[in-house]
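Q: Listed below are the residues making up each chain.
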Amino acid sequence: MTSHDSGGDGDDDAQLKSLRAVWLSMPDEDPPERGLAELMAAARVKAEQMAKPSLWQRLAALLRRPPVLALATVLVLIGGAVFIGQRHSKMEVAPEASDQRARMNAESATSSAASGSAAMGPANTLAAPEAPAGAAESAPADMESAQPTPAVEAKPEPKKHEAPKIEAPPRVTHRPPPSSAGVKTATTGAPTTKMNDSVMEKSALSTDSKETKKSDSRGFDGTNGLIEGTLDENQSTDKSSPPPPAAPAEAPTADDRAGGTKGAATAQPQPEVRRAQQYIAQAKTAAARGDCAAARTLMKRVASEDAASYRKAIANDAALKKCFE
Amino acid sequence: MFNDTADEDLMVMYQKGEVRAFEVLLSRHRKPVYNFILRFVGDKETAEDLLQEAFMRVIKGAEAYKRQAKFTTWLYTIARNLCVDQTRRRKHRKHASLDAPMDTSEESGTLMDVIPGNEMASDRKSVNKQLHEQMQRAIGALSDEQREVFLMREFLDMPFKQIADVVGVPENTVKSRMRYALEKLRLELDEYKDLAKAAP
Numbered sequence: 001m002t003s004h005d006s007g008g009d010g011d012d013d014a015q016l017k018s019l020r021a022v023w024l025s026m027p028d029e030d031p032p033e034r035g036l037a038e039l040m041a042a043a044r045v046k047a048e049q050m051a052k053p054s055l056w057q058r059l060a061a062l063l064r065r066p067p068v069l070a071l072a073t074v075l076v077l078i079g080g081a082v083f084i085g086q087r088h089s090k091m092e093v094a095p096e097a098s099d100q101r102a103r104m105n106a107e108s109a110t111s112s113a114a115s116g117s118a119a120m121g122p123a124n125t126l127a128a129p130e131a132p133a134g135a136a137e138s139a140p141a142d143m144e145s146a147q148p149t150p151a152v153e154a155k156p157e158p159k160k161h162e163a164p165k166i167e168a169p170p171r172v173t174h175r176p177p178p179s180s181a182g183v184k185t186a187t188t189g190a191p192t193t194k195m196n197d198s199v200m201e202k203s204a205l206s207t208d209s210k211e212t213k214k215s216d217s218r219g220f221d222g223t224n225g226l227i228e229g230t231l232d233e234n235q236s237t238d239k240s241s242p243p244p245p246a247a248p249a250e251a252p253t254a255d256d257r258a259g260g261t262k263g264a265a266t267a268q269p270q271p272e273v274r275r276a277q278q279y280i281a282q283a284k285t286a287a288a289r290g291d292c293a294a295a296r297t298l299m300k301r302v303a304s305e306d307a308a309s310y311r312k313a314i315a316n317d318a319a320l321k322k323c324f325e
Numbered sequence: 326m327f328n329d330t331a332d333e334d335l336m337v338m339y340q341k342g343e344v345r346a347f348e349v350l351l352s353r354h355r356k357p358v359y360n361f362i363l364r365f366v367g368d369k370e371t372a373e374d375l376l377q378e379a380f381m382r383v384i385k386g387a388e389a390y391k392r393q394a395k396f397t398t399w400l401y402t403i404a405r406n407l408c409v410d411q412t413r414r415r416k417h418r419k420h421a422s423l424d425a426p427m428d429t430s431e432e433s434g435t436l437m438d439v440i441p442g443n444e445m446a447s448d449r450k451s452v453n454k455q456l457h458e459q460m461q462r463a464i465g466a467l468s469d470e471q472r473e474v475f476l477m478r479e480f481l482d483m484p485f486k487q488i489a490d491v492v493g494v495p496e497n498t499v500k501s502r503m504r505y506a507l508e509k510l511r512l513e514l515d516e517y518k519d520l521a522k523a524a525p
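Each protein sequence line maps, in turn, to chains V and L. When you line the first sequence up against our numbering, it's residues 1 to 325, in that order. When you line the second sequence up against our numbering, it's residues 326 to 525, in that order.
Be aware that a few hints might be false.
A short, non-exhaustive set of chain L residues, derived as facing chain V with CB atoms under 10 Å [as the list claims (entries may be wrong)]:
| # | residue |
| --- | --- |
| 1 | L351 |
| 2 | K356 |
| 3 | N360 |
| 4 | E373 |
| 5 | T398 |
| 6 | F480 |
| 7 | D490 |
| 8 | G493 |
| 9 | V494 |
| 10 | L507 |
Since the hints were made in silico from the structure, they are not lab data. Don't be surprised by glycine CBs; every beta carbon is placed ideally from N, CA and C.
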């Protein structure tokens with residue numbers, strides 16, 4: 001009573017006290033049991049629902065937690081970085097390959113110019129176009145007879161297709177030649193005279209023993225393209241010679257032709273020598289890897305291309321030497 | 326097991342799927358809520374329906390219940406809202422009230438006479454009955470705002486602060502309403518003050 005009054009009623013007179021006693025004496029009625037079962041059934045259903053949240057609710061609750069969000073963010077960032085990195089490395093591989101070809105061309109050009117024909121001088125380079133014409137026909141024949149590899153078999157095919165391309169210069173000139181850099185380097189006279197082994201090894205190491213043949217064929221084709229490109233350039237200087245059997249579209253642009261005429265004065269490497277150098281490099285890599293079978297196969301080709309290089313390579317490289325012992 | 330557990334803890338346990346916790350809550354609050362509703366609306370059937378509805382709403386809203394809120398405040402807010410809605414609806418319809426005569430004749434009794442009381446001595450019983458009738462009539466004569474405050478304060482012994490939370494008005498307003506309610510009751514029951522003094 002007084003507790004009520006202290007709450008703020010301010011009614012502590014006797015009349016209110018007696019009245020309060022009356023209403024407090026009013027009996028409380030018991031609620032009927034009528035809806036109790038329904039209530040409990042509903043409560044049970046709801047309890048089950050609350051106890052077992054659905055899978056997506058649990059998943060959503062889990063994903064909404066800060067550590068999970070942070071982890072997801074980190075994973076996305078790492079994934080993105082890896083993806084971009086892979087794309088970037090793929091994009092870098094192509095220029096590297098063309099650089100390698102260019103270097104090889106330049107080096108083989110300088111080596112051939114230095115090694116052999118100081119006496120022949122420019123005459124040799126001018127005569128070079130004629131040699132590949134014969135070599136292009138004879139070399140595959142030799143190779144086929146020696147080792148019928150897919151690389152060798154693949155070679156005559158471009159001959160048929162590429163011959164008409166030369167007859168259609170406008171179409172050819174529009175294409176950006178990947179080997180043009182190599183040709184240009186060769187013609188402008190690269191200062192290096194030694195084969196860049198590390199570069200060659202790098203490219204060779206990226207292939208396994210099975211891929212050796214593939215890369216071989218790739219290198220062969222590529223080289224062939226380069227050779228024929230240079231051939232084409234040389235042909236532009238020497239119109240009397242018959243059309244080369246294989247001239248990939250990338251080689252003879254207008255610029256290249258201009259460069260070709262310029263470079264005609266400089267030393268052009270013999271195609272066999274270039275091929276031989278490539279084979280040697282690949283054989284060295286194979287030998288270094290311990291794949292003597294591949295090394296021997298490649299060196300056989302070298303022997304058929306350039307016997308001097310073959311002997312020199314075996315003499316100089318310990319790994320190769322070991323394979324032949 | 327749960328008899329000493331606070332309402333709020335029981336509600337949290339129910340949220341975790343413990344049905345027994347809800348059962349305890351129901352047994353604890355069913356009767357007071359029912360009597361609050363009954364005194365508010367003055368009709369047993371309606372009170373039963375509203376009681377059922379109030380606890381159904383508790384079940385439905387159990388997921389949203391926060392431990393910080395006082396369970397009784399939440400429960401009586403639901404009950405009070407249901408009562409207010411009911412009385413608003415009733416104002417638009419013609420309903421028989423407890424203190425209205427059942428027949429048009431003057432001798433006929435009221436609905437309160439039909440409601441059975443507790444067993445007592447006949448003379449005391451009659452006095453109490455008379456008082457309770459008059460009290461019920463006086464409470465019914467209060468406005469809805471005054472009645473709800475009076476019922477929560479006097480019958481449920483709620484502090485003014487909690488009543489203010491349930492009703493949704495400032496505490497001073499609740500106190501003011503309470504004062505007016507008591508004043509009105511005093512006037513209504515003035516003629517029964519001697520009878521009230523004689524009552525046990």
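Q: Decide, hint by hint, whether the structure agrees.
A: Outcome of the hint check:
{"no.": "1", "hint": "L351", "result": "holds (7 Å)"}
{"no.": "2", "hint": "K356", "result": "holds (6 Å)"}
{"no.": "3", "hint": "N360", "result": "holds (5 Å)"}
{"no.": "4", "hint": "E373", "result": "holds (6 Å)"}
{"no.": "5", "hint": "T398", "result": "violated (17 Å)"}
{"no.": "6", "hint": "F480", "result": "holds (7 Å)"}
{"no.": "7", "hint": "D490", "result": "violated (15 Å)"}
{"no.": "8", "hint": "G493", "result": "violated (18 Å)"}
{"no.": "9", "hint": "V494", "result": "violated (14 Å)"}
{"no.": "10", "hint": "L507", "result": "holds (5 Å)"}
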